[in-house]
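The task is simple: from the sequences and hints, build the whole structure.
For the sequence shown, our numbering gives the first residue as 71, with consecutive numbering after it.
Heads up, some of the hints might be wrong.
Said to hold, decoys possible - Here are the in silico distance ranges between beta carbons for each label pair:
1. 99 with 120: 26 to 34 Å
2. 82 with 120: 15 to 23 Å
3. 75 with 103: 27 to 35 Å
Note that these hints are calculated values from the structure, not bench results.
Just so you know, even glycine gets a beta-carbon here, dropped at the ideal spot from N, CA and C.
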Amino acid sequence: MKLPRDWLKELELLVWRFAHLGIGPDLAGMTVTELAALYAHLSRLAAVAR
71 MKLPRDWLKE LELLVWRFAH LGIGPDLAGM TVTELAALYA HLSRLAAVAR
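Next up, the structure:
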């Protein structure tokens with residue numbers, strides 16, 4: 071999966087959108103690879119939720 075140029079900004083918005091999952095506090099301790107995987111997962115959730 072190729073990440074968009076501003077994927078970190080989009081990840082932040084997705085984390086806000088899915089705040090009920092409680093992911094926010096864990097972001098600081100994640101690696102870039104983990105953040106990219108989280109972005110992919112939340113993007114798919116957002117696509118299904120539309």
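Hints, one by one, checked against the model:
Distance hint check for residue 99 and residue 120: the Cβ-Cβ separation is about 30 Å, which falls inside the suggested range of 26 to 34 Å. Separation of residue 82 from residue 120 is about 19 Å and conforms to the stated range, judged on CB atoms against 15 to 23 Å. At roughly 18 Å, the beta carbons of residue 75 and residue 103 sit outside the given window of 27 to 35 Å.
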